[in-house]
Structures are given as structure tokens and as C-alpha cells.
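Input sequences plus hints: build the corresponding full structure.
Number of protein chains: 2
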Amino acid sequence: MKSNLIVGAGLSGAVLASLIADKLNEEVLVIDRKEHIAGNIYDYKDKETNITIHKYGPHIFHTNNKKVWDYLSKYTKWNFFFLKPNVIIEGNCVTLPFNLTTLYEVFSNKMASDLEEKLISTYGYGAKVPILKLRENPELEFIAQYIYENVFKNYTSKQWGLEPDKIDPSVTARVPIYISFDNRYFQDKYQGIPLFGYTKMVENILKHKNIKVKLNTDFKEITQKFDRVIYCGAIDEYFDYKFGQLPYRSLNFDIQTINQEYYQKTVVVNYPNNYDFTRICEHKYFLNEKSSKTVISVEYPQSFELGKNERYYPIANDENLALYKKYKDESQKIDGLYFLGRLGDYKYYNMDLAVERVFEFFDKELK
Amino acid sequence: MKSNLIVGAGLSGAVLASLIADKLNEEVLVIDRKEHIAGNIYDYKDKETNITIHKYGPHIFHTNNKKVWDYLSKYTKWNFFFLKPNVIIEGNCVTLPFNLTTLYEVFSNKMASDLEEKLISTYGYGAKVPILKLRENPELEFIAQYIYENVFKNYTSKQWGLEPDKIDPSVTARVPIYISFDNRYFQDKYQGIPLFGYTKMVENILKHKNIKVKLNTDFKEITQKFDRVIYCGAIDEYFDYKFGQLPYRSLNFDIQTINQEYYQKTVVVNYPNNYDFTRICEHKYFLNEKSSKTVISVEYPQSFELGKNERYYPIANDENLALYKKYKDESQKIDGLYFLGRLGDYKYYNMDLAVERVFEFFDKELK
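Keeping their order, the protein sequence lines are chains A and B. Each number in the working numbering corresponds to the 1-based position in the first sequence with 41 added. Each number in the working numbering corresponds to the 1-based position in the second sequence with 41 added.
Computed cross-link-like contacts, DSS-like style, restricted to lysine-lysine with a CA-CA straight-line distance of at most 27 Å:
id: 1; chain 1: B; residue 1: 331; chain 2: A; residue 2: 334
id: 2; chain 1: B; residue 1: 306; chain 2: A; residue 2: 334
id: 3; chain 1: B; residue 1: 230; chain 2: A; residue 2: 194
id: 4; chain 1: A; residue 1: 366; chain 2: A; residue 2: 283
id: 5; chain 1: A; residue 1: 266; chain 2: A; residue 2: 248
id: 6; chain 1: B; residue 1: 107; chain 2: A; residue 2: 194
id: 7; chain 1: B; residue 1: 169; chain 2: A; residue 2: 194
id: 8; chain 1: B; residue 1: 169; chain 2: A; residue 2: 151
id: 9; chain 1: B; residue 1: 115; chain 2: A; residue 2: 96
id: 10; chain 1: A; residue 1: 408; chain 2: A; residue 2: 374
id: 11; chain 1: B; residue 1: 241; chain 2: B; residue 2: 96
id: 12; chain 1: A; residue 1: 75; chain 2: A; residue 2: 266
id: 13; chain 1: A; residue 1: 388; chain 2: A; residue 2: 194
id: 14; chain 1: B; residue 1: 108; chain 2: A; residue 2: 349
id: 15; chain 1: B; residue 1: 230; chain 2: A; residue 2: 207
id: 16; chain 1: B; residue 1: 108; chain 2: A; residue 2: 194
id: 17; chain 1: B; residue 1: 108; chain 2: A; residue 2: 207
id: 18; chain 1: B; residue 1: 75; chain 2: B; residue 2: 88
id: 19; chain 1: A; residue 1: 408; chain 2: A; residue 2: 366
id: 20; chain 1: B; residue 1: 86; chain 2: B; residue 2: 118
id: 21; chain 1: A; residue 1: 331; chain 2: B; residue 2: 118
id: 22; chain 1: B; residue 1: 115; chain 2: A; residue 2: 334
Because the hints were derived from the structure by calculation, they are not lab data. All of these numbers come straight from a predicted model, not from anything done at the bench.
What follows is the structure, encoded as C-alpha cells:
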């Protein structure tokens, strides 16, 4: 029986551990430096209000992949949940994604119905049209520019820490607007929040006689030898940054308890144009929890700094991907060592893609 | 180590004290004649209702200056707040600033959408157009005159104590109307109310081992000598009015507790055309405070009279500015004496400009 070490008890590490334990019937030790499992999808019950808090920002599970959905559904029941966020435009809290509903929220009926007619007659109801394309139409240039200025430009600026005039509109303006009254942020077939929280779901995934979990444990503390090491931590850290650091964007959450039943009318409200934060999340909406108080988190993007904050978003430009490739090549010289997950692959994964990636990895490398 | 006396514990005095204490590591004595700190931004909890009252009128902080926002954010958390006042026109409570939303509130759909179309096709959505300019367009002369008569003329008349026919329309009509559905009174990036009140924020600014605060203390009572005196009180008073008094407009607030949950649908409602007051402020909206009762203040403009009421608005006409200059010149003959703030500079400052002015003063004069 082979022995396996998985570094990182986040979603990728947990899913892989379960596959190895269950399908290969091998032993797995999962370690994590943090004091909790579930990585950045960790949630916990706030003591004062009993509200489930998404510590590392709002996570809404959504996928079209039935295999992924069925796999996770073995470990959790779901709160069937569609994310319908809002965005503050000109001080009004309106529908995001910007769609036909939003037109009627920010403009007069007359203006909105004129625009609606032009959009539908040009592209058809239900089309997803990049702003860049919208701009080519003189009659729709105004609305293209309006959406670009009010929804995307400043949000992108804050999110990636770039001056608004440094943003390449040909990149940002690739974002499509959805010519419909579908106010959901995602259109996937399967969407939901684990009914007892993400942490509980990951705990269930890890619950197997062949799996051992050790928290508060750094990879460097492990002296035991393993047949396989699957490292879901940062690949540059594994190699002591010998080629340099891989940059990330980070986030700071200002979590506040507020003495009123609701703070905002939906779970996530984006603030592209005001303040330095990008959005405010009100956590009780995830599981429809009741409390006379409420907990919000105000989300401030920032640079990742080693030892100061957490890695969130890999910054996937050519330079950084070239640096990642140097580490990746290095890793392939070592037998029985694999890298996986957002930090191991230096690639942002939605949760479903993280699971899908583990399935593929398992089938290709371990089965 | 130099010794500093700051006269006036309002926003300007407090910010300057913190800079001197912190960046120069010098000692500062801050005195105020009033029994409280925070000058005219002073707020307090009403005993009966527990509602936070802005004693000297509604203060909504707003700025585009990130440096000012970040500085104050060290001393307070914020209630993220957009001021969306109303105005009583023809007895209806409608959106102020007068914009496209207001058109639909005061006119029929047909009339409003005709005007909307003309305004947008002439100036473009999002334009800010002075009424004076609007008047030049024969098709828009009606709406220009309507806004001038219903929103500005009588308000200005009450505010400045002038007969309506004494108001120079070329001055008042410089006010722009905003061709948009943005119902916010301010468009600044950063807007909010200190979450625990302005007084608490100023208290935090003044909390420093090098700062001492003495209330109920007149400048004339101070016999001690200081290396620097920064006087944030009225410059004419400092010189015993030897060239004459600098005129101000004043306000009287009729503060009433009302036995119903809400009095009006927004924090500030302007009354340009009826009564002698200019506006009614309902204080519970600032911090979204809950109470079965509510507190309003009805704001009556009046002349400033020495010993009778407070100085609010400097009246910045040529004559008064010439008088101010005489005092200012006089002050520059005295070493180590500086004047600052609304009363010291005889200049109305929004709160952010007051802070900005102190930053500049500190960098230029003291650093």
C-alpha cells in the first residue's frame, strides 16, 4: 500500500484525499498550516449572532458539471441558491449583471424601453454581447460607455490595483452584457450553498478510515517519507522562491456586526465607483439565517505580501506565467511530487473547476 | 520642544493638534470656549430617544481626497451614506438635486419624457448644465425658469436674508442641474457619517500623549506664553473688532421630538417656497438608528449677532473680504501667530476642505 502526503486541506486537497483513500484504498495524511480545514472556502458560525460567515469572502457554488455536483452532493445537502447581486450605480442599488432589468432601474421607462428595443432588435433576446462589440453600434455606444464607466472600469481598477487610465479597455470591455431579464449572476444548471456550510462539507469529504488530518502543521515539519507528495500550497514557496516570488492579489475583509436585522437587500453589493472597497457581503443570506443582528464583510483588494496576508488571485500575465513554468519544470524533475490546486497550479479555479481538475489529475496521474 | 496653543477644538484645531503632536512630537494645548469639543460638527446622543443629533445642523462627510479620507479613517469607522435629500415643490416632496428623476415627480410622464429627451439630446446624459445656460435654449427656457423659481430663488432668499427680487439671478443661476438619474446630492468617491459620531471621531483625533484639551476656556483667560498660537476662532474678535465686525449668517435650530417612528422619508427635506425655515433634518437617518420616536430640527437662517447666536457662514462679498484682509495683514505683524479654519480664514469650508487646508498649513508653515 502506497503512502501519500497531501499538503493543504482545502477543496482540492480534500477531494484528492478522498479519491486516493476510496478508489485506491491507500493511506493519506493531509496537513495544513492553518488551524482549520477547507482552505479559502472555510466558513464558521459567528458566536454572537450564530450567522455562518465565509471567512475568505463569499463563495457560491455553481456548475454545469453533473459529475462534480453529484460527487459533492454525497457529502452535503444544498441550500438551492441563485446569486443575484446588486451594484451601486450613481448611488442606486441596482441589478448586477447589468441587463435589461438594470436599464429600468437606472433610467426612465422611456429611455430604458428605447434601449431595450434597440438591444433586442440588434442582438436578439438572450444574447450575451461584449461591451466592445456594443460600442461599434453608434446607437448603442452611449449604453456601452455607460456600463463600462459605471460597472467595470473602476471595479477592475480597485480589484487589480491599477489606475483607471492604465486599464486596457480592450480587456475589460470583453465582459459581456446579457440581453435578458435573467438577474442571476450565474446561469449554471446546478447552484447552491452547502446546507451546513463549506467546512462541514470538506470535513465529510475527509471523513475516511484511510485519511488522517493534521492541522497547524507546516510541510517543513514533516520528516516522514511518502511514496507520493501532492503539494496544494504555493509552488514558489516549495522551492524557497529560488526563481523569485509569484505575485498574487490579496484581500482584506473588514468584518462588522451591525445591530439591525438586514444591512442591504441582497447577499453581495458591488461598489465600483465609491470608496476603496469593491463589495460588501451580508452573510446571513447564504443560508437564510435569522438573527436580530447582521454580519457584513467589507472587501478591500490589496497586493499580496509574504507574511502579511493571504494569496487570493494569481496575476496571470505573461511574465508571471513564465516564472510559474520555471517552477513547474523544476518540479517535474522530482519523482513522486505533484502540484495541484489554485496555489500549486498558479491558476484561479472556481470551486467546480478545482474539483474537476482533481478528477482529471487523479485519472491521469494516479489511477 | 516648542509649545503650541490651539484656540478652538473644532475639526481644524483637532487635526492640526494631532499633526503637531504626532509629526513634530511637540506639546499642544487645545482650548475651546464651548463646553464640548468638535466645534460645529459636534453631535450627541439625545437622552430620551438615544438618537444621535447633529447639534449645529446636518453634516455629511464627502470627499474625493483619498488622503483626507484615509486620515479620518484612522480615527473612525464609517456608516457608508449617500445624501439623497428631497425638496418640497408645489407641495410635493421630490428628488433634490433637481434632475431627470424630479421631472417625473413634478410633471406628467409625457411632459417629463419630452423634457428628458430635449435635455439629453441637447447636452448628453450625465451633463451638468447651469440654469443660466439652459435659459438660452428657447425649448428649455420653461424648465430653466421653473427650477430657478421653485428650487433656488426663495431658498437663496431665506438663506442669505435677501428679498427675492434683490437676488442676482446671474449668481444663483450658475447652479447646475444634473441631467441624470443620479439622485445623490454629492458625487464624491468617499461619503459617510462617522459610525460612532463626529464628536467621537474628534475625540479620537485629540487622543495623544502630547495633547491637552481645556474646555469652557476663553483665549483671554490664558496667561501662559507659547511658541506658537494657532487661532481657529474669529479673526475680528481676536483684534477686538478694531476695524469693525466681519458679518456672518447664522442659523437657529428648532429641535423637536416627535412621537412617531418617522417624520419624513429622507434625512433632509428642503422647503424653498413655504415657511421661513429652509429645511428640516430628521437625525435618525444618519446612522440608521431605531426608535419609536424621532427627532427633527427645523432650520431658520438669521443674521449673526454678537453674543446672541453662533457664526455659521462668512458672507464673502468684496467689502467683507477687504475687511478680512485688514485683519489678516494685522495678524502677520505678530510672530508665532497663525489663523486657521472657517472663522480664522473667514472662509466657508466643507469638512474635507477644512482638513485639506490644515494639511497644507502644516506642510507650509510648521514642517
